[in-house]
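As they're listed, the protein sequences go chains A and B. Quick note: the first sequence uses my numbering, first residue 1, plus one each step. Quick note: the second sequence uses my numbering, first residue 1001, plus one each step.
Hints in this document: simulated from the structure, not taken from any laboratory. All residues carry an ideal CB built from backbone N, CA and C; glycine is no exception. Be aware that one or more of the hints could be misleading.
One-sided and incomplete, this derived list gives chain A residues near chain B with beta-carbon spacing under 10 Å [to be verified]: (1) F188; (2) A204; (3) N208.
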Amino acid sequence: MQFSACGNYKTRYVDEATIFPNDTGRVLVAVLLLFLATLPLWLSPYLVFVFTLIGIFIVGAVGLNILTGSTGQISLGHSAFMGLGAYATGLLAQAGLPFWLAIPVAGAVAAAAGAFFGIPSLRVKGLYLALATLAAQVILQFAFNLFDSRGGGTSYLSVPQATLGGLVLDRERLFYYVVLVTAVLAVFAALNLFRTRIGRAFTAIRDNDRAAAAMGINVFAYKLLSFSISAFYAGVAGALWAYASGVVSAERFTLLLSVEYLAMIIVGGLGSVLGSILGATVITVLPEGLRVAADYMSQVLPQATHLFLAMRFAVFGLIIVGFLMLEPQGLADRWRVIKTYFNTWPFRY
Amino acid sequence: MSHQLEVAGLNLSFGGLRALVDVNLHVDAGELVAVIGPNGAGKTSLINCINGFYRPQAGTITFEGYNITRQPPHVIAGRGIARAFQNVELFRGMTVLENLTLARHLHLRYGVAHALAYYGRAQAEEAANRRFVEEILDFMELEPYRHKVVGTLAYGIQKRVEMARALCLEPKLLLLDEPMAGMTVAEKEDMARFIMDVNEERGTSIILIEHDLHVVMDLSSRVYVLNFGQVIASGRPAEVARDPRVIEAYLGDEAGVAS
Chain A
1 MQFSACGNYK
11 TRYVDEATIF
21 PNDTGRVLVA
31 VLLLFLATLP
41 LWLSPYLVFV
51 FTLIGIFIVG
61 AVGLNILTGS
71 TGQISLGHSA
81 FMGLGAYATG
91 LLAQAGLPFW
101 LAIPVAGAVA
111 AAAGAFFGIP
121 SLRVKGLYLA
131 LATLAAQVIL
141 QFAFNLFDSR
151 GGGTSYLSVP
161 QATLGGLVLD
171 RERLFYYVVL
181 VTAVLAVFAA
191 LNLFRTRIGR
201 AFTAIRDNDR
211 AAAAMGINVF
221 AYKLLSFSIS
231 AFYAGVAGAL
241 WAYASGVVSA
251 ERFTLLLSVE
261 YLAMIIVGGL
271 GSVLGSILGA
281 TVITVLPEGL
291 RVAADYMSQV
301 LPQATHLFLA
311 MRFAVFGLII
321 VGFLMLEPQG
331 LADRWRVIKT
341 YFNTWPFRY
Chain B
1001 MSHQLEVAGL
1011 NLSFGGLRAL
1021 VDVNLHVDAG
1031 ELVAVIGPNG
1041 AGKTSLINCI
1051 NGFYRPQAGT
1061 ITFEGYNITR
1071 QPPHVIAGRG
1081 IARAFQNVEL
1091 FRGMTVLENL
1101 TLARHLHLRY
1111 GVAHALAYYG
1121 RAQAEEAANR
1131 RFVEEILDFM
1141 ELEPYRHKVV
1151 GTLAYGIQKR
1161 VEMARALCLE
1171 PKLLLLDEPM
1181 AGMTVAEKED
1191 MARFIMDVNE
1201 ERGTSIILIE
1211 HDLHVVMDLS
1221 SRVYVLNFGQ
1231 VIASGRPAEV
1241 ARDPRVIEAY
1251 LGDEAGVAS
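Here chain A stands alone, though its shape is the one from the complex:
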């Protein structure tokens, strides 16, 4: 095993296409995954739930990054697709479908909706497309509200706990493993996508759609494919969220969440799978971190809890502006710079 190669010593083309250029990365990821698997054994249920949330938003953010970061199509409707997945899961779970079937089906429902709402991308680009996807958000949100108020009043959709062969995957501990496995699968699928013809076609459309068409890429078909893959990820994230929270309501899937998703991929790094992971982690942990900080502060300053809750949005906005100005490539690029630095460290050649 080598720590890190300082040159390219590959002898086969297959080796150059691997996800990890050397054993170090493989070992580190394996250790990290083992560590994550032990979390429910020693962490408090609350913190396990935070990690569950991080996992869910990683799935969603990876999906949005495929569409916005890599294909260059801005979407303001990502939270609506997530909501669609959550509602579909709620209904499917109540109908008695096992979770391992309900999750992909919910993803497929969202993917179909994603492809439908992606149709305007044939004609409109950039800001105009962002507005067209905003329509998806508004329409679906309206549908969720209608659903919530069915039969008068407000009745939320309750989701039964996931079970696997008689074993109840409780929300506090065991369901975390479902999220962990799904997130790992989602990340690897996305990494694979970007070393194949489909991922390259996405990037080509982002960089230069005229040239992409001249190279034989059916631009519209691939835009729709990108929309539906991205919505599939959102749908799966919504399905996981439905199981994890136990109740589905329209309040959670507002435009704000779509904007939070955009914040995740901007903070993490557009077009980078690693960036989606980092961004989702930061944006999910941030409000929780602020709350913990507020709790500590309130011992000294009784008003702190109030103040911090009000400051949440301000801090959120500051972080986005800060990243756009100081680190527009996101955390993923910072990580790349650190890695490059240590490639030859401690030598200076």
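Please arrange chain B on chain A, whose structure you already have, making use of the hints.
Then chain B, alone, in the frame of chain A:
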């Protein structure tokens, strides 16, 4: 014998501007044909019609017996027509290797499921594909730049990547839109050699748009001269150069100068 590419009675106008007027043109398999003409004569518009970017109002374009008029660009690329752009239109954020691999899109056949799993078929096809891309890299002498991001390369190199990318489609007909514009003499000579090699070794037919008349005379077997959207002369390079209408188009009307 029918021609590989046949353009008949092509008309294209933008509003009131007639970009192409009754253009007739043909290319035989393995031929290198040049299209010349002053700026704004409609050369690039012609290429854009053949390649599917523009939809001509009238006329037909037939390639190997198929009517490709007004077909979308990706379908025409699938028929075996590739192009290089005048203003370099590469995928600037990608490396040279990624640009070329992307152009292999049509030659890779695995679907979404294989792509997501990256196992078996996808992996095998990608490796075989890489071998082909390396051949093109070698052919166009681009090996030193393989992993360089295209946006950081010198202009002359970018033009070469542009042509290499078109070659990765394994085209039967290659449309080259001013491949030597803005190059130094040495770079032009290199590029001329590449164009000849593609034509002779790979047997690819080429339509070449070029301003440098020396290059056109040396490389092409036939020349079409466009002026204000019309073909004003065609034939062997030496004949065309003597044609009074061509001289008039390039140098102006002698009578006009006199009066």
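Violations among the numbered hints: Violated hints: none at all, because every hint is consistent with the structure.
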